[in-house]
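Number of protein chains: 2
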Amino acid sequence: MYERMHICQIEGYVPGLQPDSGAIKLNTNENPFPPSPRVMAHLSNILPLTLQRYPDPSAMAFRLVAARAHGVAPDQVIATNGGDELLRLALATFVDPGRAVGIVSPGYGFYSLLAGLHRAPVCDVPLTEAWQLPEETASRWNAAGAQLAFLTNPHAPCGTLFPIATIERLAASFKGVLVVDEAYVDFVDPALGYDATTLISRHQNVLLLRTLSKGYSLAGLRLGYGLADVRLIQPILHKTKDTYNVDAIAQILGAAGLDDRTHASGTWEAVRKERETLSRNLQDLNLAVGPSQANFVLVSLASFDGSCSARQVVTKLMEGNIYVRWFDTDRLRDKLRVTIGTPQENAALISALRTILGRPDGKIGYGRALNVHTCNSHLSV
Amino acid sequence: MYERMHICQIEGYVPGLQPDSGAIKLNTNENPFPPSPRVMAHLSNILPLTLQRYPDPSAMAFRLVAARAHGVAPDQVIATNGGDELLRLALATFVDPGRAVGIVSPGYGFYSLLAGLHRAPVCDVPLTEAWQLPEETASRWNAAGAQLAFLTNPHAPCGTLFPIATIERLAASFKGVLVVDEAYVDFVDPALGYDATTLISRHQNVLLLRTLSKGYSLAGLRLGYGLADVRLIQPILHKTKDTYNVDAIAQILGAAGLDDRTHASGTWEAVRKERETLSRNLQDLNLAVGPSQANFVLVSLASFDGSCSARQVVTKLMEGNIYVRWFDTDRLRDKLRVTIGTPQENAALISALRTILGRPDGKIGYGRALNVHTCNSHLSV
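Read top to bottom, the protein sequences are chains A and B. FYI, this note's numbering numbers position 1 of the first sequence as 1, with every residue one higher than the one before it. Just add 1000 to the spot in the second sequence (first one is 1) and you have this note's numbering.
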């Protein structure tokens, strides 16, 4: 037995299923629309020599594009092999094993898994009933001696957006590094005026995580980046990251994608519109849908008396080749996380749910007059 | 100050320079010949949906190709973001901070840097004068309580190939995980019959590292893999690696490249032939060249009385847009590591060295009759 004892005792992270391309895939929060045509044009121009040679270890060309996009300096940017790598690197760089890491719950399960691998205990602050940050979040993290905290904003899987003033107050009060995981930030309604990038010049402990996986339809490429004060970026860039952590193709295509904000923001607008339509249609099925500023919604099946559990619904949907996400954790067992798909995909989901939940076609859901609250067929999980 | 104290005290790894494509680049051991045309064909067939969706977290399609290539089972294979990621993951999975890591010196500087980041002290066993493994290597690593050891074979930067019997004896004696870094193994003369893959069924502690960076001309792609007993592979695959560590394009192109062994082995044969020619031409300049089974040679300038240091020669070559590698470490300061280039690149190097070292054109180097052992011009570093 060569595996380290504490790793032996850890269960690995279980990502959402990756079914074949024929499936309706609303389970891992990809963008339902394709990447920029400019990305595909750059892809077709990749030369053999680009593959033959090692890539730029510092991904400078990409970082220049990102710096310009956000109005920061290139040395305030770090490129990583997807956002996940930045999460791990933040722990490796700023947290001594044995020291605490702040999280909130519910949340992205990968945070506590990473902390466990790093032998860092988590200080978990539960969100309020309305999925808001409790006033005492920073003081509880500080009391635990946390050197770093992870916060997803907009929050996953809840979808709520914590206002910029809340984030800034947290950054000012928290004594460690505050990693604000903005994986879903591109889908925030611009009318809300949310922009955390200015925080990095005012708070040396704020590390913003961005990714091209969702907003730029490039999950397959594995490209994320961090924005922070140069004192947070430098040790990651020059010491803790693997030398050539971002491949040559990702650097080129990522720069092209990030630079075509017109295309990307068109997909964000379409996702927001679909988010509204899907939420309304789900509510029409008497399902409670939380407000969301992300590219997914959290749907509650609690009103169904447990006679048709969320888990059973997921299984039933899967039999119809529709994939959504269900989490076997507190406060989430009666809910589904549903990625916003294309109009066709969302319509197919609504139609399948209507059948599974025993809703007569089309005429239901306004008010709570329905008495059919059991499942429509025998389900096994 | 948020950076961890011990990281603050570490100097980062400094990779070889990545000059523009016009340079003669013999400094980072890339394959001088392009990747398989099949790789380029697959590249041009990548669909937008492949970029849009998350990749297979387990890289199964690639692992099936690798398993078939090596006659092992897919669950004895792990795909990683370049070989460097596997080195780091091996430490993370098998070494408790504070416990030792075995290395030999000289060697790949990245091993001890990674160990330092992991807070693992290194137990360094110097190679013999002839760059061979001392008999007591395993016992010294064991005495230090090493949980893991890194050994490059063929060795870098020396180029020597440790025989398979030596590796097997080491694996049997060493009590920790033996990572055999076979980054350069494709360039070994097939007549030597070296094949370590059979070791993994006999020794549960052997983890072989392979990469597509050198042998398959795909350094830009970042794709490496490990071969080992399933008990070593499983915890990396399901726990310690980042969820989506290998991007979708690398999985597809990597499988295509590995599957076209005919193309790749043609480049290996060409590199071996050039290795012989270059070595002979360097010896003709009165330079000592160690035997190499890798795609580089280690060239000694020791015979030049220190009046023209290796470092000065590197600088002079760089002024002529030729890049080779020099290491500021014991036993290497008077040497250059020269990647085998194309016939044209190697000829340009020889010509430049002849000028720098003051050799009259073409007529010299047989025997040691030369008395011009000083540099040909003023050098500054």
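Hints in this document: simulated from the structure, not taken from any laboratory. Quick reminder that beta carbons are idealized off the backbone N, C-alpha and C, glycines included. Some hints could be false.
Said to hold, decoys possible - With beta-carbon atoms standing in for the labels, derived distance ranges: (1) A:Arg119 x B:Gly1320: 24 to 32 Å; (2) B:Gln1234 x A:Pro126: 30 to 38 Å; (3) B:Gln1234 x A:Ala73: 37 to 45 Å; (4) A:Ala61 x B:Arg1140: 40 to 48 Å; (5) A:Glu129 x B:Leu1017: 33 to 41 Å; (6) A:Glu129 x B:Ser1201: 37 to 45 Å; (7) B:Gln1234 x A:Ser265: 40 to 48 Å; (8) B:Asp1020 x A:Ala41: 48 to 56 Å; (9) A:Leu17 x B:Arg1280: 20 to 28 Å.
We went through each hint and held it up to the structure:
1. A:Arg119 x B:Gly1320: 24 to 32 Å: Violated, since Arg119 (chain A) and Gly1320 (chain B) (Cβ atoms, about 51 Å apart) do not stay within the stated range.
2. B:Gln1234 x A:Pro126: 30 to 38 Å: holds (33 Å)
3. B:Gln1234 x A:Ala73: 37 to 45 Å: holds (43 Å)
4. A:Ala61 x B:Arg1140: 40 to 48 Å: holds (45 Å)
5. A:Glu129 x B:Leu1017: 33 to 41 Å: violated (57 Å)
6. A:Glu129 x B:Ser1201: 37 to 45 Å: Check failed, 56 Å falls outside 37 to 45 Å.
7. B:Gln1234 x A:Ser265: 40 to 48 Å: Holds - the Cβ-Cβ distance for Gln1234 (chain B) and Ser265 (chain A), about 43 Å, lies within 40 to 48 Å.
8. B:Asp1020 x A:Ala41: 48 to 56 Å: violated (23 Å)
9. A:Leu17 x B:Arg1280: 20 to 28 Å: violated (58 Å)
In terms of the numbered hints stated before, the structure departs from hints 1, 5, 6, 8, 9, listed from lowest to highest.
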